[in-house]
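Student: Read off the chains here:
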Amino acid sequence: MYYVAKVDSDKCADYKCNMCTLYCPEANTLMFDKENNTSWVDEDRCKGCALCVYVCTDLLDRSCITMEMAQAQEA
Amino acid sequence: MSMKYITPAETFKKYLPKDYVELVDYGPFGKSQEEAGPGNMGQFKELLEEHPMCSGCWMAYFIRVIFAALPNPEETVTLGTAGCGRLAISQAAVPFIYGNYGDQNAMASGLTRAFRLRFPEKHKDVITIAGDGGTMDIGFSMTMHSWIRGEKFTTIMLDNEVYGNTGGQESGMSPQGAVLKMAPEGKKFGKMPATDLAKAAGCVYIVRLSPTNIKKAAQIIRRAIFVAREVGPTFIHAYTSCNIEYSIPTEEVFKDAKEKEKGRFSFDEYMTDAAREVIERVEAEEKAARKARKEAMKAGAM
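These protein sequence lines are chains U and A, in that order.
Each residue of the first sequence is one higher than the last, beginning at 1 in this note's numbering.
Each residue of the second sequence is one higher than the last, beginning at 76 in this note's numbering.
One should not assume that every hint holds.
[Stated by the list, open to error] As a list, the in silico SDA-like pairs of lysine to any residue whose alpha-carbon atoms are at most 25 Å apart:
| # | chain 1 | residue 1 | chain 2 | residue 2 |
| --- | --- | --- | --- | --- |
| 1 | A | 333 | A | 352 |
| 2 | U | 34 | A | 86 |
| 3 | A | 291 | A | 361 |
| 4 | U | 6 | A | 127 |
| 5 | U | 16 | A | 263 |
| 6 | A | 290 | A | 337 |
| 7 | A | 290 | A | 113 |
| 8 | A | 330 | U | 35 |
| 9 | A | 335 | U | 6 |
| 10 | U | 16 | A | 321 |
| 11 | U | 34 | A | 115 |
| 12 | A | 330 | U | 18 |
| 13 | A | 266 | A | 373 |
| 14 | A | 106 | A | 256 |
| 15 | A | 266 | A | 361 |
| 16 | A | 369 | A | 99 |
| 17 | A | 291 | U | 61 |
| 18 | A | 106 | U | 3 |
| 19 | A | 290 | U | 58 |
| 20 | A | 197 | A | 338 |
| 21 | A | 106 | A | 330 |
| 22 | A | 106 | U | 17 |
| 23 | A | 256 | A | 130 |
| 24 | A | 373 | U | 58 |
| 25 | A | 290 | A | 215 |
| 26 | A | 291 | U | 58 |
Since the hints were made in silico from the structure, they are not lab data.
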């Protein structure tokens with residue numbers, strides 16, 4: 001089991017800052033949904049480094065992203 | 076490559092892999108920086124794809140910025156050599172040539188000359204992206220000679236201050252006293268003065284940076300490419316930490332990069348007068364194009 005980033009989309013939509021997506025080391029993983037103004041995480045690709053949590057919580061003091069246990073998906 | 080090779084025929088589109096079609100439709104090929112650039116990463120399909128680099132790798136992040144900042148991805152060729160960097164660079168949708176232990180700058184010399192002969196009417200960008208070992212230790216002679224000869228291409232050094240891919244040996248760019256897995260007594264001499272060497276060897280545009288400000292980093296990458304098209308060799312020395320060998324907790328990688336920016340990776344930009352002229356001209360052109368696009372959009376909305 002491992003941790004992946006999870007975005008609280010309701011909280012995130014209030015800010016629509018799109019900052020975390022700029023600082024993820026993985027390409028096409030932390031994406032921004034322009035229609036709903038929220039970031040979202042492709043759980044299959046997230047390596048759980050928590051860099052986005054640093055950007056969202058420590059730098060911007062917004063705390064929209066948390067690290068959570070990845071849900072086992074049925075094949 | 077060129078746009079013509081990338082764009083698939085409409086009839087065959089449905090048979091092509093979904094990832095490829097998405098890349099052509101929503102990727103940065105043939106688009107401006109406002110549509111698909113570092114400023115809106117996460118809103119378009121990126122050139123870089125899933126890579127095997129470690130979790131929280133700052134080098135992978137900088138490579139992502141490099142590919143987003145390319146002024147002309149469809150006319151670009153990247154070269155690299157053994158090291159962590161090539162694991163990600165070779166996964167991007169830009170042609171990549173794998174050099175044999177440090178000869179990336181020698182190959183790039185031939186390639187850029189051949190491109191200038193074969194395509195005199197357009198700019199083909201050649202960029203070497205290698206680690207500190209490939210550029211300053213193993214490929215040192217070939218890097219220096221390509222600069223001394225004044226070969227017109229961009230060299231980017233991803234400096235993680237260690238041989239990270241082979242288990243943590245000290246490199247010429249490790250700081251003095253660095254204790255690493257395979258340098259347990261600590262390094263006995265200091266960092267090689269990479270930017271000074273580049274200046275002495277005749278690079279016309281040299282930057283040392285720690286990529287914390289994405290806008291600035293992207294601007295520098297683009298400047299280096301534009302200057303290399305016309306004036307001469309350009310060099311970017313970027314800090315891309317190795318969180319494994321230097322035991323940096325992944326969530327503090329960004330913080331570490333900011334600390335290094337205040338220390339030995341303080342921002343330093345050097346350019347010759349000819350390079351400054353090119354930069355000023357190109358950036359004025361870009362500004363005018365941006366303004367024209369904005370006005371066209373406003374007119375369209377009305």
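Student: Checking against the hints above, which ones are violated?
Tutor: 1, 2, 5, 8, 9, 10, 13, 14, 15, 18, 20, 21, 24, 25
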